[in-house]
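Q: Here's the letter readout for the chains.
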Amino acid sequence: MTDIAIKVENISKKYQIGENKTYPTLRDKLMELPNRLFKGPKKTKEFWALKDVSFEVKKGEVVGIIGRNGAGKSTMLKILARITEPTSGKVTMYGRVASMLEVGTGFNPELTGRENIYLNGAIIGMTKREITQKFDEIVAFSGVEKFLDTPVKHYSSGMYVRLAFAVAAHLDADILLVDEVLAVGDAEFQKKCLGKMDDLAKSGRTVILVSHNIGSLKKICTKGIIFDQGVNISDLLEIKQAIQKYIKNGENIDGKLPKNITYNDEIIFDNFQLQGQNLIYRPSFTDLEKFEFSIRCRCLDETQNQDLVLSISIVNNVTGETVIYGHNHLYGVIMQTNKVGKISILFEGFQLQPGEYSVYLESWLDGQYVIQQTLFGIFLIKSSTIGSKSEVFNSFPSQLLMPMKWSYSK
Amino acid sequence: MSETVTIIKPSSKLQFLNLKELWNYRELIASFVKRDIQVRYRQTIIGGLWAIIQPFSTMVIFSFFFGHLAQISGGGVPYPIFSYAGLLLWTYFTGAITASSGSMVASAGLITKVYFPRIIIPISATITGLLDYLVASIVLIGLMLYYSIVPTSLIFLVPVTLILTWMLAMGIGFWLSAINVKYRDVGYVLPFFIQLMLFVTPVIYPSSIAPNFKFLLALNPMTGIIDAHRAMILGGLPVNWGTLGLSAVMVLIILLTGSAYFKSVEKHFADII
Chain R
1 MTDIAIKVEN ISKKYQIGEN KTYPTLRDKL MELPNRLFKG PKKTKEFWAL KDVSFEVKKG
61 EVVGIIGRNG AGKSTMLKIL ARITEPTSGK VTMYGRVASM LEVGTGFNPE LTGRENIYLN
121 GAIIGMTKRE ITQKFDEIVA FSGVEKFLDT PVKHYSSGMY VRLAFAVAAH LDADILLVDE
181 VLAVGDAEFQ KKCLGKMDDL AKSGRTVILV SHNIGSLKKI CTKGIIFDQG VNISDLLEIK
241 QAIQKYIKNG ENIDGKLPKN ITYNDEIIFD NFQLQGQNLI YRPSFTDLEK FEFSIRCRCL
301 DETQNQDLVL SISIVNNVTG ETVIYGHNHL YGVIMQTNKV GKISILFEGF QLQPGEYSVY
361 LESWLDGQYV IQQTLFGIFL IKSSTIGSKS EVFNSFPSQL LMPMKWSYSK
Chain U
1 MSETVTIIKP SSKLQFLNLK ELWNYRELIA SFVKRDIQVR YRQTIIGGLW AIIQPFSTMV
61 IFSFFFGHLA QISGGGVPYP IFSYAGLLLW TYFTGAITAS SGSMVASAGL ITKVYFPRII
121 IPISATITGL LDYLVASIVL IGLMLYYSIV PTSLIFLVPV TLILTWMLAM GIGFWLSAIN
181 VKYRDVGYVL PFFIQLMLFV TPVIYPSSIA PNFKFLLALN PMTGIIDAHR AMILGGLPVN
241 WGTLGLSAVM VLIILLTGSA YFKSVEKHFA DII
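In order, the protein sequences belong to chains R and U.
My numbering applies: residue 1 is where the first sequence begins, and numbers increase by one.
My numbering applies: residue 1 is where the second sequence begins, and numbers increase by one.
One should not assume that every hint holds.
Derived Cβ-Cβ restraints for the label pairs, each shown as a range [claimed, not checked]:
(1) 188(U) <-> 58(R): 44 to 54 Å
(2) 12(U) <-> 58(R): 22 to 32 Å
(3) 14(U) <-> 330(R): 48 to 58 Å
(4) 136(R) <-> 219(U): 49 to 59 Å
(5) 11(U) <-> 203(R): 28 to 38 Å
(6) 12(U) <-> 203(R): 46 to 56 Å
(7) 3(U) <-> 350(R): 30 to 40 Å
(8) 192(U) <-> 54(R): 45 to 55 Å
Here are the simulated lysine to aspartate or glutamate pairs, EDC-like style, with alpha carbons at most 20 Å apart [what the hints assert, rightly or not]:
(9) 182(U) <-> 85(R)
(10) 182(U) <-> 271(U)
(11) 7(R) <-> 3(U)
(12) 240(R) <-> 198(R)
(13) 90(R) <-> 266(U)
(14) 182(U) <-> 46(R)
(15) 267(U) <-> 137(R)
(16) 14(R) <-> 266(U)
(17) 90(R) <-> 56(R)
(18) 14(R) <-> 27(U)
(19) 58(R) <-> 130(R)
(20) 58(R) <-> 27(U)
(21) 51(R) <-> 3(U)
(22) 223(R) <-> 61(R)
(23) 128(R) <-> 27(U)
(24) 9(U) <-> 56(R)
(25) 240(R) <-> 270(R)
Keep in mind that the hints were calculated from the coordinates and are not lab data.
Just so we're clear, the structure is a prediction, and the values are computed from it rather than from any experiment.
Cβ atoms here follow ideal geometry from the backbone N, Cα and C, with glycine treated the same way.
Just chain R, with the same shape it has in the complex:
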């Protein structure tokens, strides 16, 4: 017996990105044939979700995979969980492997809680005997005893995830692969889940955890590994070191950001600018109170007068949550395509939690989705203060601090 639990050697994963995302039909394939004969194979874009990833996890280590959206964390987990096959490389795992990529996989709304425990248990890899043995424990943990013989379609969403998590949490395995299942249910149950995760982690199991929540990673994991653009840019580090390195690394990425975004040569969005008080657009800025995006919009076919909609989303790169979203219609602005226009979006009077944020644009023409979510900026907020008091925003429960007028009278 070795003391190694997981050995990952030179794992790469390639995805083909087609021209369009819709399902190809046989007709499309047949129509493609003459083109293929005369023009050679259709060029599909290749995208390496993972490139040459190697690392080793020892038994009993609880490893958090850290990285921003699209860094390859989830792909790595899917390969370990055998959901998708690597393009090259090899993984060897010693011990019984179980994955929790989602709670309640395969739950059927028509079946009762009891039936779903058996079904879900079988799907995630428990034997019937194991489920029967642990049945009472699972039910007690979920707290849905009274509704065991009710179809789960009548459950509240809270009851549903509690039951689902309960089944998954009682899966006995040497290696556990966990993805973002922590954030389920109400606050109380989340605490219970975290506790259970912690128990599992401390019981000597090897755990690989992918979570957007740096806080829970810090709490549960002993080790961390950082992924960036499909490569693990570090070996296994102590978790605190890993998080530090991740945040530091975030500061010196040269934004490989588009200079312009176009659709079919009909519309060009360019001249992106982000301005604000004390604001440096990449690498970082502090004390944000007001900032403004400006975008030039040029439409090359000026004879067509189409309704243009542009949306902007600001996404927290650590949590993956969209913090701010809006589009021009929402604010009563109509934009038309027969002229060159300057769009400006002003945000004012709020603060964001320290962290890294991405700005995405999307666009519609006459209601048709023409520009898919495109990253156009990354910015970093180093530290914020709340109000006049210089309390650090770090442990603030919300990501956004909005201006509020409070008053107090006796």
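Following the hints, position chain U against chain R.
A: Relative to the frame of chain R, chain U by itself:
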């Protein structure tokens, strides 16, 4: 204690059905079958009766048009029982290939979230219908009593034809469910294809009706199976062992190529579904 070692790497070699792996996952297959049956019986008012109504009403209508008006012979047995003995197996067969060909797409949520041999999904989908077959065969027993048909000892061989049909449904299910993941056209083509197949399979007419096309008909693997199934149940008809053997060979070919095709494309399922 020996430790389980899992090795993950790109698969390349040709694979067929891995019976050992299927055996290890037998409980999961049973769970899927149980789920499908439970869900269906819970969502319908008359549940199991549907298993009878479908072949029975088809038999009644066919008996009127083909047996009574068009005077198609039942090859020596009354037309209603002749057609019902065929429809019983035909209903199972078409139900099983329809269910299995759509099964992968219907299980997208599972495929992208948890590992188990994917081939379990179309396999389970072909098993569920066996219950309907059993339920619907009660009517067959009723008809046999009504027409006072005494079966011979050949009736004990009926499971052979049922197993062949099951294997054929799995083979076709492997092909279609895998293709369906990539090309959803399958869902549109299949009902039409099944409708056509009814006319080139001796379900509602005896194969003796078209002596000149016997060879062509025998190329359809269901021909030999349906004929044999009926002959074994009703006793009075001769079993054509040659055609049945030919069917069995074709069933094996379809099953093996189907599983090999399924295995060769299954690694991409989670990426494209």
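Q: Evaluate each hint against the coordinates.
A: Status of each hint after checking the structure:
no.	hint	result
1	188(U) <-> 58(R): 44 to 54 Å	holds, 53 Å
2	12(U) <-> 58(R): 22 to 32 Å	holds, 31 Å
3	14(U) <-> 330(R): 48 to 58 Å	holds, 56 Å
4	136(R) <-> 219(U): 49 to 59 Å	holds, 58 Å
5	11(U) <-> 203(R): 28 to 38 Å	holds, 33 Å
6	12(U) <-> 203(R): 46 to 56 Å	violated, 38 Å
7	3(U) <-> 350(R): 30 to 40 Å	violated, 54 Å
8	192(U) <-> 54(R): 45 to 55 Å	holds, 51 Å
9	182(U) <-> 85(R)	holds, 17 Å
10	182(U) <-> 271(U)	holds, 10 Å
11	7(R) <-> 3(U)	holds, 15 Å
12	240(R) <-> 198(R)	holds, 17 Å
13	90(R) <-> 266(U)	holds, 18 Å
14	182(U) <-> 46(R)	holds, 18 Å
15	267(U) <-> 137(R)	violated, 36 Å
16	14(R) <-> 266(U)	holds, 16 Å
17	90(R) <-> 56(R)	holds, 12 Å
18	14(R) <-> 27(U)	violated, 34 Å
19	58(R) <-> 130(R)	violated, 27 Å
20	58(R) <-> 27(U)	violated, 32 Å
21	51(R) <-> 3(U)	violated, 30 Å
22	223(R) <-> 61(R)	holds, 7 Å
23	128(R) <-> 27(U)	holds, 7 Å
24	9(U) <-> 56(R)	holds, 16 Å
25	240(R) <-> 270(R)	violated, 40 Å
In this structure, the earlier hints numbered 6, 7, 15, 18, 19, 20, 21 and 25 are contradicted, and the remaining ones agree with it.
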